[in-house]
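*Asks:* Each chain, written out:
There are 2 protein chains.
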Amino acid sequence: MTPKIHTLSNGVRVVCDPIGGLESLALSIVIDGGARWETEATAGWAHLLEHMVFKGAGARSSREIVEAIEGQGGNINAATGQERTSFQVRCLTGGLPLGMSVLSDLVRRPTLDPADLEKEKGVVGQEIAEAADTPDDRVFELAQARAYAGHALGRPILGEVASLTPATAETLGVFHRGLYAADRIVVSAAGAVDEDELLALTEAAFGDGRAPDRPLNRPSPAAFAGGHAAETRKLEQAHLVLMLPGVSRQDPDFFTQMIFTEMLGGGMSSRLFQEVREAHGLAYAIDAYNDAYEDVGALGVYAGTGAADAAPAARLTAQEIKKLAANVGEGELARAKAQLKGGLFMRRESPLARAEANANNIHSFGRLFAARELAEKIDAVGPQDLRRVGERLIAAGQSASAVLGSKRAAGAGEAFAEALAAG
Amino acid sequence: MTPKIHTLSNGVRVVCDPIGGLESLALSIVIDGGARWETEATAGWAHLLEHMVFKGAGARSSREIVEAIEGQGGNINAATGQERTSFQVRCLTGGLPLGMSVLSDLVRRPTLDPADLEKEKGVVGQEIAEAADTPDDRVFELAQARAYAGHALGRPILGEVASLTPATAETLGVFHRGLYAADRIVVSAAGAVDEDELLALTEAAFGDGRAPDRPLNRPSPAAFAGGHAAETRKLEQAHLVLMLPGVSRQDPDFFTQMIFTEMLGGGMSSRLFQEVREAHGLAYAIDAYNDAYEDVGALGVYAGTGAADAAPAARLTAQEIKKLAANVGEGELARAKAQLKGGLFMRRESPLARAEANANNIHSFGRLFAARELAEKIDAVGPQDLRRVGERLIAAGQSASAVLGSKRAAGAGEAFAEALAAG
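Quick note, the sequences are listed as chains A and B, same order.
The opening position of the first sequence corresponds to residue 8 in this note's numbering, with each subsequent residue numbered one higher.
The opening position of the second sequence corresponds to residue 8 in this note's numbering, with each subsequent residue numbered one higher.
Simulated from the structure, these hints should not be mistaken for laboratory data.
Heads up, a few of these hints could be off.
Straight-line alpha carbon distances no greater than 25 Å define the calculated SDA-like cross-link-like pairs of lysine to any residue that follow [said to hold, decoys possible]:
#1 Lys241/A with Glu238/B
#2 Lys126/A with Arg322/B
#3 Lys414/B with Val131/A
#4 Lys128/A with Lys384/B
#5 Lys241/A with Arg240/B
#6 Lys384/B with Ala75/A
#7 Lys329/A with Ala315/A
#8 Lys330/A with Lys241/A
Keep in mind that this is a model prediction, so the values were computed, not measured.
Isolated chain A, as found in the complex (with noise of 0.2 Å):
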């Protein structure tokens, strides 16, 4: 049975999904809204504003914040997506309470300090350094920025030092009361937890009859554009990232595209961990992943390789795609069927998987699912499906790629998309 989701008069959804055994929980507030519902001259704000939170809320200084949750035993963190914010405790059972009050006041009532905001933006402006160190972090966004060129989708969640530089606490209030609305926050809580305490809680913190909220604008649609990107770094291996445009979350093919994605590069039965690593020892990391957005998607392919392999071992993923596409075998179709019925359930036992899943779902769905529908819908997908979904992935005739590494492996992602194209 799936949980009932709740709407308050001020529109905030809530949903309360108990799981019998546990003695701890976990309380999410998903926003529907995030890095892509900025402009270019607010690019990195959905991510600043998330830090900006936890630098004093409510009553409650930025100290205060933390140390009310861990002082109970708990923790808090936080996570700003394309789409999605959120903002969670995993705490004992008898932590609601203090668990709602913060997340409220940090949703609803940040105080958003000049000061603060000012040495905030100098860490995020260290976060920014990290991800740019980070290889296997920047090979990810040259290639999000060629899949998504001059779209927000193609921008880096964390922004830049330059679009976070004019943020005052005044335009990042403004900006703040547009991206929090009311209307699009779910509260979902799953584990050691009690519905009625949950609403009465949600009511109390967000029922305060605070004048409905001007929402931003919902940001445009986006398209894959694609193209290549190579940056030279001094590095032991090449990292390759390879994208072809695929399907959004919305799409009647959006489960059939997981399957393909599971059978290409999900585990190490999968194809490209079987021939690119295992027959041709050209990767020691290779796996698929599929991202998907509200309006568009993509399948994507990671490997770390040496700077001579990555040519070739894009070539061989590439043909990998085609061969997939053109034939699927019975065992491996069982297979990653199994791989993604046995990860939906086992997630379904980690109470802030179950928190978050139901409150993503409630966003783009406006639903639930209870696990066994999901297992009816993967079980449903035939290598028909499969052979449709390969053959668009393909017959798209574009693609995205970023290597990060030596000059030697620049030219992996034009290989790719070549070998793609060969008849």
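Based on these hints, arrange chain B on the given structure of chain A.
*Replies:* Below, chain B alone, put in the same frame as chain A:
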């Protein structure tokens, strides 16, 4: 009630820890042996062996091993540490017999094919390259090499290409039979698992009447050496690891140092986070960790800073360690205890974390601990214990450090040592 430890006739120990309400389980086979058991000539062999057993074991090929586990929706993993090697299956209930069949083959009946071995040396070579490229892997390696200079604990677990090259299927086979000796194996399951089934499966899989193994000699005791390393690399940030000689896992002050570390740099309310990041904005990431072995241990601090901020951050860290050793606040002590206990109780809800903790406790202490007993040990620590541990950390007059980044950051380790020694 803690589960019972069973010992089979061949010395393998078994522990089963059912968790109510779950539909999944974790099965771990943990060996009391790892990189520390290597000589200079066999550096990296424990990790290479962990890779090699996946290339074929029992009647299964490399591909059949992963297909078996992934085909039933589970996943399989392994990890090599300095003192332990662990093989793990996560799966849904019903997956135990296959999990046991595969894992016991990996541990007891690896094929060790010469051609596979040559290929796998290349894959591990790429893993070594990847670690070298990742700043926060590399800086830990450099610091560890200073802390335990001249000892196996100071060598990277991955080894070096030069020490892997000479390995043959035969010499690695001898190493395998020594390292994975039956009396150093613990089979540990947690989650949706039945003790009688686990015992019967383990007896069948391990009680194979094989002649007793010739174990390797136990590794020699280690000592904290100390010293400062600096590696120049063109990076946006300076990556910094600072270490002080601390307690071993067997030390009566083990829990006291855990609390000390938590207060110093465990969470966002810790002294280092509040001072170095929040008050002075010198680092984006800063945290403290305990690194304990059977006979030695260290307290470590990692920071990512701007190049010019590396030495100031290191100095401030030294001052905060001295301040904490001199005076512990009541509130922070209560918070650190709540944090450690909260983490303990939440981890117990994860089947894998529980299975691994049980196995590690059997190896280190020959027994299991009820959560309540650990909580009592934590609660028993008082301010005078923390003062003693703090003074001990400083009084040794030793430190180890590593800095990775621009030349400007290079003196941060020495700055840390000087600030620590200053009256």
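*Asks:* Compare the structure with each hint and give your call.
*Replies:* How the hints compare with the structure:
no. : hint                   : in the structure
1   : Lys241/A with Glu238/B : holds (14 Å)
2   : Lys126/A with Arg322/B : holds (20 Å)
3   : Lys414/B with Val131/A : holds (23 Å)
4   : Lys128/A with Lys384/B : violated (42 Å)
5   : Lys241/A with Arg240/B : holds (9 Å)
6   : Lys384/B with Ala75/A  : holds (23 Å)
7   : Lys329/A with Ala315/A : holds (23 Å)
8   : Lys330/A with Lys241/A : violated (34 Å)
Hints 4 and 8 from the list above are not met by this structure, while the remaining hints are.
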